[in-house]
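K.L.:
Take a look at the letters that make up each chain.
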Amino acid sequence: MPLKSQVEIRDVSIRFGPVRVLEQLSLTVAPSEFLVLLGPSGCGKSTLLNAIAGLLDVSDGEIHIGGRNVTWDEPKDRGIAMVFQSYALYPRMSVRKNMSFGLQVAGTPQPEIDRRVGEAAQMLRLTDLLDRKPAALSGGQRQRVAIGRALVRQTGVYLFDEPLSNLDAQLRAELRVEIKRLHARLGATMIYVTHDQIEALTLADRIAVMQGGVIQQLAPPREIYNRPVNRFVAAFVGSPAMNFLPGRLDTAGRPVFVAGDHRIDLEGYAFAGPVPAGPATLGIRPEHVRTGSLAAPASLSARVDMVEPMGADTLVWCRLSDGTPLSLRREADARIQPGDTLPVSFPAEALSLFDDATGARL
Amino acid sequence: MSGPVTPRGPRPARTSPARWGLYAFLLITALFFLAPLYVMLVTSLKSMDEIRQGNIVALPVSLTLEPWIKAWSSACTGLNCTGIRVGFFNSVKILVPSVFVSIIIGSLTGYALSFWRVRGATLLFGAMMSVAFIPYQIFIYPLVRVFSFVGLGQSLLTIVIIHTIFGLPTMTLLFRNYFASLPPELFKAARVDGAGFYQIYARIMMPMATPMIIVAIILQVTGIWNDFILGLVFAGRENLPMTVQLNNIVNSTQGERAYNVDMAATMLTALLPLIVYFGSGRWFVRGIAAGAVKG
Chain C
1 MPLKSQVEIR DVSIRFGPVR VLEQLSLTVA PSEFLVLLGP SGCGKSTLLN
51 AIAGLLDVSD GEIHIGGRNV TWDEPKDRGI AMVFQSYALY PRMSVRKNMS
101 FGLQVAGTPQ PEIDRRVGEA AQMLRLTDLL DRKPAALSGG QRQRVAIGRA
151 LVRQTGVYLF DEPLSNLDAQ LRAELRVEIK RLHARLGATM IYVTHDQIEA
201 LTLADRIAVM QGGVIQQLAP PREIYNRPVN RFVAAFVGSP AMNFLPGRLD
251 TAGRPVFVAG DHRIDLEGYA FAGPVPAGPA TLGIRPEHVR TGSLAAPASL
301 SARVDMVEPM GADTLVWCRL SDGTPLSLRR EADARIQPGD TLPVSFPAEA
351 LSLFDDATGA RL
Chain D
1 MSGPVTPRGP RPARTSPARW GLYAFLLITA LFFLAPLYVM LVTSLKSMDE
51 IRQGNIVALP VSLTLEPWIK AWSSACTGLN CTGIRVGFFN SVKILVPSVF
101 VSIIIGSLTG YALSFWRVRG ATLLFGAMMS VAFIPYQIFI YPLVRVFSFV
151 GLGQSLLTIV IIHTIFGLPT MTLLFRNYFA SLPPELFKAA RVDGAGFYQI
201 YARIMMPMAT PMIIVAIILQ VTGIWNDFIL GLVFAGRENL PMTVQLNNIV
251 NSTQGERAYN VDMAATMLTA LLPLIVYFGS GRWFVRGIAA GAVKG
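Line order of the protein sequences matches chains C and D.
If you're matching positions, the first sequence starts at 1 in the working numbering and goes up one per residue.
If you're matching positions, the second sequence starts at 1 in the working numbering and goes up one per residue.
Extracted from the complex, chain D is given alone in its bound form (with noise of 0.2 Å):
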């Protein structure tokens, strides 16, 4: 070190032992972390003989895609082997219906829980919450009979009904948070302007609510398509979703496990939450309504 340096202008950075300890922490965490998605998309990109040599980490020495195009159309689901492809279109279709409609009634509730002063409105918040934390299992066989009583049975329209339903804790939490947040006088300028319920609901609270709505939808999305139980039980052997799909393919193998179409299989079924978590980083950090009332 030369002669005393006089402090002037911005701080120097100091990298001591003890942050490289940590960036080491972090580095070995995260490949913890990653090492199964590795070897699992390792895994699929390889023939059988590769993979009986017994090196999992190693990277495949002939790339090939054969086994993810068995696995989409040819790869065999109990009885039919038409790959995973219907339980894709399968999910998509209960997906879509459910999260919308999850949506829209979880935020109507949260919405009317935190503007109007509805007579037990606390009550019924608590018994919700309190619901939410009871494990959903519990609820399987009840509901069965519920739905069998009604007509239902198992069928698209039952599996959105129970998506909504298991739902609407998290979503009206989120969406009565949200709300709760915004200034009451915005709603009391909707009110001298004469607008009704469901006007400002729909023309002026959902617009505002964008940044919530994108976290419900991101939340609802990987929930329902990472669904397996709900969907075994409620959707009926024509709707089952991707995820019962891939159950059914790994574990019904007569003979020899093609793991390399296991992998593939799997790797398709998580696709959609993986794109939907990298797609969705930039829209959580997007700003609220700024500025409007207020700052």
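This is chain C alone, in the form it adopts within the complex (with noise of 0.2 Å):
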């Protein structure tokens, strides 16, 4: 059994009766690729999810995993393991049984069990809790108990559902940085669903975005975060979240985003196509806006109405002269007070504009 498997989804379609959760998706997840489906809840990532590990039947399509199609294969003959949002472990059974359960169903001889849950708890720290019964451990080492049932398998696909989304935030990010470390080690193909886009951009080499079960996006995290291919995924991706200014685009003679009374220069901004006048929405991030010394002469002017220091650096919520919210980020021990005004600028490389009409990146 190799231990990298390519993941193919071919048109799959996925129907409760008149509900359509997955229409005609298709994805590849290459050997040795760590992707994540990212997305709010009822996007459709759990099901699409379960349906590759096999606990759901397809409507429609195909599911090929190392290059076999198991569409129509139980769960334990496809080659994956699973890790589960609420760990799953067997109440009644100690760490170790826990471990080799799935390896004694199958008939796997006993020494080869004890050498691989022991390789298993020593790779995840789990050696002194090998004899305890999950009521008797905490909830991350619950969770790196099921990580390690999941790597007793030794298969070349390994799927994630949500597994850190009951854990608390130090927790999360300790966990967060082990799973890197395993992908890393292992060099296994991994699927791994979330709600949490900080999850989906430290851990993706691929991140598929999804939304009402269809991929918005599917490009590395650095181009999902700097080139949103559209509104939602702008929206969904990064905290604090873009700030949005409604407005028109102005292409008589040089590009311009008209806001109100501002006109904000566009030259420099990579469009993705034939520029349509009318209405479009611009989007940029907070880190991005240019605030005090920074900002351009032809700038803006925001007021400031509340300010939340954050410990590492400061967000600025203020409002444009027409009322449009905006937040920016200052350096932790920026002077900044409710009242103040601030001259802020948009660098034309770091905005995306999105047309109103359909939500895409222009």
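Just so you know, these hints were derived from the structure itself, not from any lab.
Hints are not guaranteed to be accurate.
[Said to hold, decoys possible] Simulated restraints, written as ranges between beta carbons of each label pair:
id, chain 1, residue 1, chain 2, residue 2, range
1, D, Val131, C, Ser59, 31 to 39 Å
2, D, Arg14, C, Asp313, 51 to 59 Å
3, D, Val131, C, Asp77, 36 to 44 Å
4, D, Ser155, C, Arg132, 44 to 52 Å
5, D, Gly120, C, Ser59, 16 to 24 Å
6, D, Ser155, C, Gln110, 41 to 49 Å
7, C, Arg132, D, Leu26, 17 to 25 Å
8, D, Pro97, C, Asp77, 37 to 45 Å
9, C, Gly273, D, Gly120, 54 to 62 Å
10, D, Ile105, C, Arg132, 56 to 64 Å
Beta carbons: idealized from backbone N, C-alpha and C, even for Gly.
With the hints as a guide, bring the two chains together.
P.N.:
Laid out in structure tokens, this is it:
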């Protein structure tokens, strides 16, 4: 069994009666790739993962794992291992038995089982916990046992269904790093479902942002962050969220974005195609807004509403002269008070322009 | 009352007249229900002379276990005068396999209905539940005909099957609801691990269902032990349970009724369910699988 398998999803549709969760979805995950399925609740990412695992029947289409058509195969025959959000450990079995159960069912000889369990326990620092029951473990330990149970199967594909959602913030950060290390060490293909965009950005080789059963954008994290392909992706990824300014695109002469009384020069913005004039939305991330001395001469004026010191930096909430809200980042010891007026400007290379009608990137 | 007291710390307990009234009511109700048990116990320990004096609530002046010995080994149940012990062993013979089989079948059905998407599962479950509401006396004659047609007649096997059938709705309901409350991800993990239908049942689900098994055992033990009519009709003359034998003792006395022996025989019959009830209290309270699946 190769330790890294390609996963191909061909025209998969999943329907529950009249409800169409996924329609004609196609996706290829390269061997050793870490793919993250990112999206809000109800977008179909967990459904897709369960279908890949074989826990859910597809209404149409094919699933190929490691070059083999597994569409009708049972989960145990697909060459996959899965880690669940709620750990799903067998409560009456010790950690050791939890990890060896699958191998026992498959009839693996005991010395081999012991070897694999020992290896996985060492990789995940579980060696001292092997004889405990799940009830005697903390949340983070339980999740590591669940990962260990998947590891001993030594398959080519690992599926993660929101594994860190039940942990507190600090544990989440720790385990995130462990999962990334695990991927670097094993080189296996991993498909990871989450609604947390920080996990997606830190872990993924590629992210598939999903909404309403459709993949909105499939690209590496940098591209998703800097060049979101539509308004939904732009708003979903990035915390704090991107600022959106409604307005109009004026293409007579140099392209300019008109928002109320302000005219924002778009020289240097990379348009995706021919530039249509008309209603559009300008998007800019808080950290890209230039303020104070860095603001270009032709800048807008923003009035500070509220200041949020966040430890490493400060988030400043302001309003432009026409009332449009704007958030921007400043250094941690910035001396800014509510009521101050700040000059702000938007560098063209950091902008995103979206068509109002379709939401697509211009 | 002295001057105003500053509220500080825990609130002082207050016993109002209403509370006393409530306790008094509860006490009287408890005494009312315990009265027959008390009378039974007290009468079974008296000699017939004392009973003839007529005071049923008086404590026995001279305690005697003779009625108990008589009830156990020499009371007359119809033609034989070997006491009610025959019935005791028959009841045990009926009880043990019936409880075992009905729980296994009921839990297996409940497990299948809750995890495995079977076509027509809801229909089957609904049919089972609706039949459970029909008084079981209606089924007696048709079942007699069915069993004699199949060739089973009256026997131990027949009564075990009968108890399993009649226990199926309750057992299935119990286990189905319990398994439905378990996280479905546990079942998914077992499927990914490769376990099949019976493996998941035996190695994962049933070990987790210990509280429900205890409840099922208690229900079935008290239900099957206390059963009269099904045992009378289906068990066969050699396997008549204790309840039927008790009826024979009490109703086939010639001449003077030996009240103390009757009471002793009744106490002996009721002993097992009473012990089960008193002994099972703390098992009910025991916690369920703590924290294995996210608390």
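K.L.:
For the hint 36 to 44 Å, verify it against the beta carbon of Val131 (chain D) and that of Asp77 (chain C).
P.N.:
Between Val131 (chain D) and Asp77 (chain C), where Cβ atoms are some 40 Å apart, the hint holds.
K.L.:
Does 41 to 49 Å hold as the CB distance between Ser155 (chain D) and Gln110 (chain C), or does it fail?
P.N.:
46 Å, holds
K.L.:
Is it true that Arg14 (chain D) and Asp313 (chain C) lie within 51 to 59 Å of each other by Cβ?
P.N.:
57 Å, holds
K.L.:
So does Arg132 (chain C) sit 17 to 25 Å from Leu26 (chain D), Cβ to Cβ?
P.N.:
45 Å, violated
K.L.:
Do Val131 (chain D) and Ser59 (chain C) keep their Cβ atoms within the hinted range of 31 to 39 Å?
P.N.:
36 Å, holds
K.L.:
Could you check the hint for me, namely that Ile105 (chain D) and Arg132 (chain C) are 56 to 64 Å apart, CB to CB?
P.N.:
For Arg132 (chain C) against Ile105 (chain D), whose Cβ atoms are near 35 Å apart, the range 56 to 64 Å is violated.
K.L.:
Does 54 to 62 Å hold as the CB distance between Gly273 (chain C) and Gly120 (chain D), or does it fail?
P.N.:
For Gly273 (chain C) and Gly120 (chain D) the Cβ distance comes to about 55 Å; the hint holds.
K.L.:
When you take the CB atoms of Ser155 (chain D) and Arg132 (chain C), is the distance between them in 44 to 52 Å?
P.N.:
50 Å, holds
K.L.:
Could you check the hint for me, namely that Gly120 (chain D) and Ser59 (chain C) are 16 to 24 Å apart, CB to CB?
P.N.:
With Cβ atoms ~21 Å apart, the hint holds.
K.L.:
Quick check: does the Cβ-Cβ distance between Pro97 (chain D) and Asp77 (chain C) fall within 37 to 45 Å?
P.N.:
39 Å, holds
In this structure, the hints that do not hold are numbers 7 and 10, in rising order.
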